Amino acid sequence: MRLDILLLLKDCTKNRDMQEGIKLHTHICASGLFERDIYLGNLLISFYAKCGVVNRAEQVFCQLPTRDEGSWSALITAYVQMEQGYKALACYDQIKKNGLAVNAIIYSQLLKACGMTAALDQGKLIHDELLSQGLLRENVVLGTALVSMYAKCGDLTKARSVLDDLDVSNEISWSALIVGYMQKGHGKESLACFHQMREYGHIPNIITYICILKACGIIQDIRRGKQIDVEIVIQGFFQKNVMLGTALVDMYIKCRALMEAQERFDQLSTRNVVCWSALIAGYVQQGQSDQALNLFYQMQMEGVDPNAVTYACILRVCGITGTANVGEQIHDKVKKIGLLEKDTMLGKALVDMYGKCSMLEKAQQMHDDLLIRDVVSWSMMINNYAEHGFGEEALDCYELMKREGISPNEITYIYALKACGILRAVEKGEHIHDEIIAQGFKGENVVLGTALIDMYAKCGVFAKAREVLEGLLSRNTVSWNSLIAGYLELGYGRGVLECLRQMRNEGLSPDIVTYVCTMKACGITQEVDVGKMIHDEIVDKGLLKKELVLGNALIDMYSKCGMILQAQNLFDELHARDVVSWNALIAGYVQQGLGEEAVDCLTKMSSDCIFPNAITFSCMLKACSITRDDDKGKQVHHEVITRGLFGEDISVDNALVDMYARCDLFIEAEQVLQKIPIRDVVSWNALIASYAEYGQDQEALACFERMKVEGLTPDIGSWNAVIEGHAQQGNGWGAMGCFKQMQCNSISPDAISFLCILKACSHSGLVDEGQMYITKMIKEFSIIPDIEHNTCIVDMFGRTGDLCSAMIFIETMWNCDHPTVWSALLGSCQRWGELQLGNLAFANVQQLDEYDASAYINMINICSMVSNTEELH
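Position 380 of the sequence shown, counted from 1, bears residue number 771 in this note's numbering, the numbering being contiguous throughout.
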């Protein structure tokens, strides 16, 4: 009878037959065998452990009338199987207190418990006991357990030392060390260990091969990976083990060899969810979202249900592609089947997906509903807000996270600093900087350092940004790019070029981002010679053929430097052109006032099968403004509406207002303005400036007031337009009042502001006030007068008849050799009939621009006036 029960109980344990096992347990207790037969009691503990019911195993252990080594061994093994290592080690303490002997099986299980709990000190004590008892001699199981314990605890040097000291080792011992190296990301060491193992004559098993394939993936050594692939096929392992097949697929994916991964996947006789998920993840990582989605649907058609990993991969695809509808379907599915509550990874994936799809309210709701909000989920939410420009909300999340007792990590700090950069909240950024230092992050962390540089640069605190950069132990191109981008964003082109020079001095080579930023800086500073040198460098490196973004940046640079012919030639030489290429060229023509050429580009662009975007239409409307071609402008307007861009892109809306206004179609301009869903200052400025340009000064001033009624704060462009309006009316005092009010509103005047106020003073005869503004312009605002300013000053003196002062001013000018300055003086001479000075002005205009017909007309008028005066006398 006892033998039958033993055989039946072992059979239940093997098959994990809980129902039959409980019946046997009841029978054993009822028959009195439980009190008499300790071996049966130990078997019951093992049975419940195998079935995963560790609490029942504990109950059986506690009910045993007596306990031997087998009882403790069964319970410790149960705890280890259920990954409750701390309980297993607590058993060890009880065994020692009770003075019981510990056998090799218990020791091997205790070493596993040390490994899973990273209890290195406890493991070392057990190691000492094994040495003192001589149990390691020729006991390969204990030796292997010891190697594995040290490896899992991260002491790989000791693990290697133990392996080398073993009297007997096998492929399992070596595999334990290989696993340890692989888990710590030491791919090269894993491969070296693998080759040594073979030199000792050990044949790799399936576990060894799986680990080595992972190691090849870590270091992206596809050559060795392929060699091992061949071995696996020769030994017949490939079709026998789905885990090994999955490891092969994963290795090829990690080595970015999707074709080989797909080939191996297709050859697998059995494909489980892990294998499918590995391949899907590979396609996602390499940006092939469509193929990943196709595989997702295919696996379900083949009867394989996705798991949490699969769903997380597809949610990532939805975030990348913006397919929120698919993401929402998956959300409903995982919620319905109960996966969402079981796996926190899925909740975080949903937070990330909704954020990337710009559904921030849903992302926030999903985050609020998470059972466990950790630093990863909070960091995702902070990034969601920062990526969409909501800096305040991002920083609110950051503070709320800390109030919940969760400490930021490196990633959190990076996203929080990005939010500070968006808001230009330098004080908050400095506070986070202090936190980072307090956490022990110093100059060795290039990623955090780069985020700090980016934040300070965006806030315009370049001295601090440079201080952080110089404090980095290892500066790289990305670090420099953060500073360069900061200078560029605030329009400091020379700062960009200086950074490039210093970066080269440190032996660092520019990357694509550096070159693009430098091209833009050359456009800002008009440093076309520097731009040409970089152009040559890009060509020499063969980058122009590979990177279209560089060709586009060069076209933009040449256009901004007024070299539109070079821009056109470069455009024609490009091997490929996209909408950005066309936009750069069209914008160049517009900047140079060549509206017709810009409009022609639109026709050519269509024949090139490139579809215009919002930027294209905005440039086209500006071109129509230049040519005053309202018919073409109306055609573009119609296409904008057809494509659904009106009301969706404010730059296009504003360009439409500007086009109609500049074509003197103010009714249409007003109609478009009123239809814009959200009007901004630029919308109103376009109308105000055009009213001023056409001399409709009252309408310009009325628009200015209407804009303020809408709650919009006028910017420098608004104020300049209204000052210009007063100037056109000859209302100098009104212009000066606006100028003063502008400064009271904390808006500093620019060169255009001073040009407008000087015109107002000139038209109103306010010479003293005009001279005061000249002084203010130079001394207070460090603005050097250009030709337009100087011409206006000459005109101001001339209008009041003070031609002597006008001439003295011209003589003191550093750039007096310009025809417009002398033309202004000549016009004043005509007004006052001044022949002698008129002759001088006429001679200078002729010398500088012999084709200026207006100069001849002015001179004839002067002579006529003088002749008439002499006849009258």
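Since the hints were made in silico from the structure, they are not lab data. Predicted, not measured: the structure shown is a model, and the values here were computed from it. Built from N, CA and C at the ideal position, the CB exists for glycine as well. There could be a bad hint or two in this list.
[As the list claims (entries may be wrong)] Below, in silico cross-link-like pairs of lysine to aspartate or glutamate (EDC-like), each with a Cα-Cα straight-line distance of 16 Å or less:
# : residue 1 : residue 2
1 : Lys833    : Glu818
2 : Lys549    : Glu580
3 : Lys809    : Glu778
4 : Lys937    : Asp969
[Claimed, not checked] Ranges between beta-carbon positions, derived for each pair:
#  : residue 1 : residue 2 : range
5  : Gln630    : Gly834    : 46 to 56 Å
6  : Gln485    : His586    : 42 to 52 Å
7  : Asp787    : Thr661    : 22 to 32 Å
8  : Glu1030   : Glu752    : 47 to 57 Å
9  : Gln587    : Thr661    : 29 to 39 Å
10 : Tyr430    : Leu762    : 43 to 53 Å
Each hint tested on the structure:
Taking the CA atoms of Lys833 and Glu818, the gap is near 20 Å; set against the 16 Å cutoff, the hint is violated. Between Lys549 and Glu580 the alpha-carbon distance is near 14 Å, which keeps this suggested pair within the 16 Å criterion. For the hint linking Lys809 to Glu778, the alpha-carbon distance of about 9 Å falls within 16 Å, and the restraint holds. A C-alpha spacing of about 14 Å is found between Lys937 and Asp969, which places the hinted pair at or below 16 Å, so the restraint holds.
The supplied range of 46 to 56 Å is met by Gln630 and Gly834, whose beta-carbon atoms lie about 53 Å from each other. In this structure the supplied range 42 to 52 Å holds for Gln485 paired with His586, their Cβ-Cβ distance being about 44 Å. Distance hint for Asp787 and Thr661: a CB-CB separation of about 50 Å, inconsistent with the stated range 22 to 32 Å. At about 34 Å, the CB distance of Glu1030 to Glu752 disagrees with the hint of 47 to 57 Å.
For the pair Gln587 and Thr661, the supplied restraint of 29 to 39 Å holds, since their beta-carbon distance comes to about 33 Å. The beta-carbon spacing between Tyr430 and Leu762, approximately 44 Å, falls within the hinted interval of 43 to 53 Å.
In summary, the numbered hints that this structure violates are 1, 7, 8.
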